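Single-letter residue listing:
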Amino acid sequence: METVLEAKNINKYFKKPVLFHVLKDINFKINKGEFVSIMGKSGCGKSTLLYILSTMDTEYEGELNLNNDLITGESRQKLTFIRNKHIGFVFQFHYLLSEFTVLENVMLPAKKLGEKSIKEIEKDALEKLKILNIEHLAHKRASQVSGGEKQRVAIARALINNPLIIMGDEPTGNLDSHNADNVFNIFKKLSVEDNLSLLIVTHDEDFANRTDRIITMEDGRIIS
Amino acid sequence: MVNWTVILDIAKKQLITKFKSTAIAALGVTFGIGAYITLVSFMTGLNNMLDDLILNQTPHIHIYNEIEPSKKQPVDGYDAFKNSFNVVHSIKPKLSQKKIHNASPIIHFLNKNKEVKGAIPQVKMQIFYIAGSIEIAGNLTGIQPVEEARLFNFRDYIIAGSPEKLKNTENGILLGSGIAKKMALSVGDRVQISTIKGDIFPLKIVGFYQSGISDIDAIQSFVNLKTVQRILGEAQNYITDINVKLYDIEKALLLSQKTEQQFNVTAIDIKTANAQFETGTNVRNLITYAVSIALLIVAGFGVYNILSMLIYEKMNDIAILKAIGFSGNDVQYIFMSQALIIGIIGGILGLLIGLIFTNIISTIPFKTDALAKVDTYPIDFNVWYYIIGFSFAIISTFFAGYLPSLKAKKIDPVKIIRGQ
Ligand SMILES: Nc1ncnc2c1ncn2[C@@H]1O[C@H](COP(=O)(O)OP(=O)(O)OP(=O)(O)O)[C@@H](O)[C@H]1O
Ligand SMILES: [Mg+2]
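Chains as they are written, first to last, in this note's numbering: chain R, 1116 to 1339; chain D, 955 to 1374.
Please keep in mind that the hints were generated in silico from the structure rather than gathered at the bench. Mixed in with the good hints there might be a few duds.
Straight-line alpha carbon distances no greater than 30 Å define the calculated DSBU-like cross-link-like pairs of lysine-lysine that follow [said to hold, decoys possible]:
| # | chain 1 | residue 1 | chain 2 | residue 2 |
| --- | --- | --- | --- | --- |
| 1 | R | 1200 | D | 1158 |
| 2 | D | 1136 | D | 1121 |
| 3 | R | 1200 | D | 1364 |
| 4 | R | 1245 | D | 966 |
| 5 | R | 1131 | D | 1361 |
| 6 | R | 1231 | D | 1364 |
| 7 | D | 1364 | R | 1139 |
| 8 | R | 1200 | D | 966 |
| 9 | D | 1135 | D | 1158 |
| 10 | D | 967 | D | 1071 |
| 11 | R | 1200 | D | 1369 |
| 12 | D | 967 | R | 1231 |
Given the structure is predicted, the values throughout are model-derived calculations rather than measurements.
Here chain R stands alone, though its shape is the one from the complex (with noise of 0.2 Å):
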């Protein structure tokens, strides 16, 4: 089984109020087409581990591998690069840019990167909607659309440079339950259907329970 991301003795710690060792020697991996969810109680530490994991937060001891390389004391350039190539990250606030449409906002990644001509990339993101089943929201601009359509348009916006890995922090945490039905599905198919490796952080037990495997939080631990 090919490895995708692999977190090696992760610890981290808070200096300000007081000293607080929030993470405990984090060791995982995650393979190639899994779909992974992390659960835990509030306060545990899921979320500062996300921000490692994504490479927003560079301030850790341990060790980061993403596809067998080593990113751990990568330049910020090199690790805004992989943020915009190789993962893609799903916030439980979907995040969009209120002044650009919902296509526009998709291909913003792809802009960035800059490997495809724009109407490479606008097809792209049409298809990506098409996957989420928005595409009819295409040309509406981003603060005119439901909270639950927004989510989608958001994982599009993940989706659209191909990544290793989709990284989400409760992404269904302000959705219905059949709108959270509906993102599993999505995640469930990109799983399967494009091998896509998913990790969800999220504390939806029933929406855990489906994924292949659940990593269970305590305390700043990984206890299962």
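Start from chain R and add chain D with the ligands according to the hints.
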């Protein structure tokens, strides 16, 4: 790699959604640049007008013979007293000293110099204007009218008649406007003048001269060079003054010194003669630039303000952009380009406002006796002011945008996302 299309697209979209505050910030710049253009064009117009009043009619180098006692008294040449100490009382200057020796070779020599635009002779003499039984003291200058007009803007000071008319009228005179008023004379009339020796000559008035300085206009008149030589009973080589105009005024001092040494005459350059003019010009320029820069600093604060506000409001967007792979520099460029867009739009509008204002001012009537040829307020239209003004706009908005954009560059996306 920086993807400018994306960055500019984001910058533009954000500005458009904040149209009102963007417009206000841009108007600040517009106001600053408009005021600069108006001020500098108007002030320089005035400066030039005042300078022209003196400098244009003033030769760059004035060559004449200073009336001074001869250094060598006859007794010095007498061998018998060679070894004794001679005391001569009450030395008087020699009469003939007013004349420049070898004037025509000097003129010829100067005109051949590539730096010289022209060197022309004048003959000055004292006369009396005769009005009935009253004699009014005055100056009569013999000139080459057309050459004077070419080199020293003589035409601007003729309020009736023309240089050509004087040239073609043998006994013509361009009468000072002050004298004309005093003696109630008009063009075509005859005026009698008398020399100091008492010879009387009738001259025909071909026009009036007005320098704008009433003390001069009350005494000064002009005739042809030949006419004055005839009145004096002197030959054609009798020249009292040579006026030189150069292509580059900065060369005046050097050439005047050279001329003095070479020809044993007195040569005064314009800077030495009119030192106070530069001071006035410099002070006026200083005021113009101080006011303009103050306005632009205020405009800069406006730009700083709107960008700080925008960055504060767009924290989330900045965090997303960074999360999806935009670098700190990309984000900084977005806000820098917003500052520059405001600067460019505000600056261009400012230039237009300045152009319109100066055009309006240049049509406002401005009539003064001192300046015969000025009808409206003087405006100096000069592309350089527009280039400088636009650069000002860009530079001030660049600095105003730099600090906020640096802040945006340093925003930590994790902090923002956590803050939700
Ligand atoms: N910037 C910070 N400084 C200090 N302590 C922090 C900071 N951010 C988070 N923490 C603490 O770290 C711990 C882990 O936070 P984290 O956000 O990772 O929890 P979580 O597992 O994602 O919780 P939730 O399920 O509620 O989202 C919490 O106890 C929190 O109070
Ligand atoms: Mg969390």
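**Prompt:** So which of the earlier hints does this model not fit?
**Reply:** 1, 10
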